[in-house]
Structure formats: C-alpha cells, structure tokens
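The task is simple: from the sequences and hints, build the whole structure.
So the number in this note's numbering is just where the residue sits in the sequence shown, counting from 1, plus 96.
It should be emphasised that the hints constitute simulated quantities derived from the structure, not laboratory data. A couple of the hints might just be wrong.
[Claimed, not checked] With a straight-line Cα cutoff of 16 Å, these simulated EDC-like cross-link-like pairs (lysine to aspartate or glutamate) come out:
1. K130 x E99
2. K126 x E99
3. K212 x E167
4. K191 x D231
5. K175 x E133
[Unchecked claim] Here are the simulated distance ranges between beta carbons:
6. Q222 x S300: 16 to 26 Å
7. E315 x D231: 16 to 26 Å
8. T234 x K175: 29 to 39 Å
9. S277 x D148: 38 to 48 Å
10. E99 x S301: 51 to 61 Å
11. G229 x R125: 33 to 43 Å
12. G165 x I118: 11 to 21 Å
Note that this is a predicted model, so its numbers are computed, not measured. Backbone N, C-alpha and C define an ideal beta-carbon position, used for all residues, glycine too.
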Amino acid sequence: MEEIVVESLLRGNREAQIDAAIELSNLSRKQRQKVAERDIITPLISMLQSQDSITTEVSLSALLSLAFGSERNKVKIVKAGAVQMLLEILQTESKMVIVELAIAFLLILSSCNRNKIKIASTRLIQLLVGLIGVDRLTVQAKLDGIATLHNLSTLQQIVPLIVASGAPYALLQVINSCDKSSELAEKAASLLENIVHHSPESISSIGGAIEVLVEAIEEGSAQCKEHAVGILLGVCSFDRETNRGMILREGVMPGLLQVSVDGTRRGKEMARELLLLLRDCSGYVIKDKQSKIEIVEQIMREIDQEGERIPGTMLKLVEEMISKLST
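What follows is the structure in structure tokens.
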C-alpha cells in the first residue's frame, strides 16, 4: 500500500493524488514515516496551491498526519514551502473547515523550535491574532491559534512581533467575551501572562484591561485566576507608581484575597506578593510564616488608615488567609 501511495503522489494525475493523500492519512505512524522518506512532501505542498477545496483539504490532512509526532518531518515540511502556502490559505480561504485545518497544521509545525523563526518572519502572527477574534471560528480553532502563538512566544525575540500584532488587545477581548471558567479563557490568560512577563508595558495603555483581569480573578477557573493575578503582578511590578492606583480602583482586593486563601499554590504566592505591592508594605521581607501574618495584618491596618471600609466578607477572607498562613 505504501508503494501505491508514493507512486500516485509522485506520478499520478490529480484524482490519483487525492486518493493517495486520503490513504496516507489512514496509514500507521510507522508506515507514514517510511513514505515520508520518498520525497512525497513536495507534491503534497504543490496540492495546497489548488483552487479545488477538496484537494486543499486532503493535502492539508495528509501533511498534518506526516508532521504529527515527527520533528524531522516538521522541519522538512517547512523547508518545502509549507509556511508560505499556509499564509496564502489563511489570507484567501473562505471555507472555515480548511481555515481551521490550516491553523491546526500550523500549531503542529510551530511546536518545533527550528520552525519558529521561519513562521514568525511572515504575516502569520498577524493573521492568527485576527482570527482568534472571529465569531465563525470554532472554539477548538481559537484554542489552536492561541496555542500556536504560545509556542512562538517561547522564543523571546518573537514576543515583540506578537505584541506589535495587537495580541494583548485581542487576548483581552477573548477573555472578556467568553466564559471566564472556560479553557479558552485559561489559554488566553496564560498566553497574555507569558507576553506580559517579557513585555509588561504591553497592556498598560489598553483601556479596560485592568477591569477585565479583575473580573477574571473574581469569576475565572483556578487556572484563569492564577494567570490573571500573574498579569497584574507583572504590570504592577513594572510600574508600581502608575499602575497600583488603577488596579485598586477596579476593586481587586476581594478577589485577590480569595485567591490568596484558596487559589492554586502558584496563585496564592503571586496574590500575596501582589498584595504587598498594592499596599505600602514594600519594605517588608517575607522570611517565615509568622512574618507573612504580620504583613497581612499591616496591609489591613493600612487599608483602615487610607479610609477604605472593609466589608465583613473581606474581613472573613483575611481571617481565613491568616489562619492558613499559620498552618
């Protein structure tokens, strides 16, 4: 069967190539690896240029199956010109099933470090940023697009390109418009935290950004809350004088105290660190459990001194927080 697939792709007419591409996707991983050594990637890339949507779809599926689980094939496919073909597909294709398949294929290719610079050197980042906000795109395709950007963002030199493409604003829009406890919100917040880690100034000038993140802390899943706290921590650490007041004005304290009590382990640590930045306690150094309690008490004393009234529910959270810090 492998021989028939190879011969059809290399020397067959378009109908035979389509049948071979379909059959290739059905081969075992070991069989696919064998046929990939026979220069079949080139004709499959050529098929992506077809104006026929069926040809494009089956060739995308076949290439995706070759790339899956094989770093060598991922590199070969990119060297054969797949990135430019994917760029053209995402720019011109109107059939959403093909667009979504192309995004999934790009996700697989972007997981290989050797491909990241090549992908980032095109307009693909801009296209992906635009697509994650398209209503017609399925949630899975949006997740794939965000995951692709996340793969690329692991190279520090690519982060400025992601920021310049408008990704921080687009991700905030995703978080704002979807269920805060959904996987989509988690992945969008995770990528945004990664961006802010490298470029903390990237969201400071976006109107409504702090409000969206505070809502995520209040309404999100445990992971979403963790990432939202991490983003605010990055923003506040970068420019405390400017951003401290903005964060406090959005009413972050109840949600932040809640995360410090029952968030993830990382979420708790970052929430407590952010609490110190938001209050005037920067001179304190946390050395042990007792000093943590003293700092929390100092935080609440300063809230009183600044004239902020503490609702009973917030006091209860503080009590829980101090209790858990003591254990």
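Evaluated hints:
Simply put, K130 and E99 have alpha-carbon atoms about 10 Å apart, close enough for the 16 Å limit, and the pair holds. For the suggested pair K126 and E99, the alpha carbons sit about 14 Å apart, so the restraint of at most 16 Å is met. At most 16 Å may separate the alpha-carbon atoms for a hinted pair to count; K212 and E167 meet this at roughly 13 Å. A C-alpha spacing of about 14 Å is found between K191 and D231, which places the hinted pair at or below 16 Å, so the restraint holds.
At roughly 14 Å between alpha-carbon atoms, K175 and E133 fall within 16 Å of each other, so this suggested pair holds. At roughly 22 Å, the beta-carbon separation of Q222 and S300 lies within the given 16 to 26 Å, and the hint holds. The beta-carbon spacing between E315 and D231, approximately 21 Å, falls within the hinted interval of 16 to 26 Å. Between T234 and K175, the C-beta spacing of about 30 Å keeps the proposed range 29 to 39 Å intact.
In this structure the supplied range 38 to 48 Å holds for S277 paired with D148, their Cβ-Cβ distance being about 42 Å. At roughly 60 Å, the beta-carbon separation of E99 and S301 lies within the given 51 to 61 Å, and the hint holds. Taken as a hint, the range 33 to 43 Å holds for the pair G229 and R125, whose Cβ atoms sit roughly 35 Å apart. A hinted range of 11 to 21 Å holds for the C-beta pair G165 and I118, which are about 20 Å apart.
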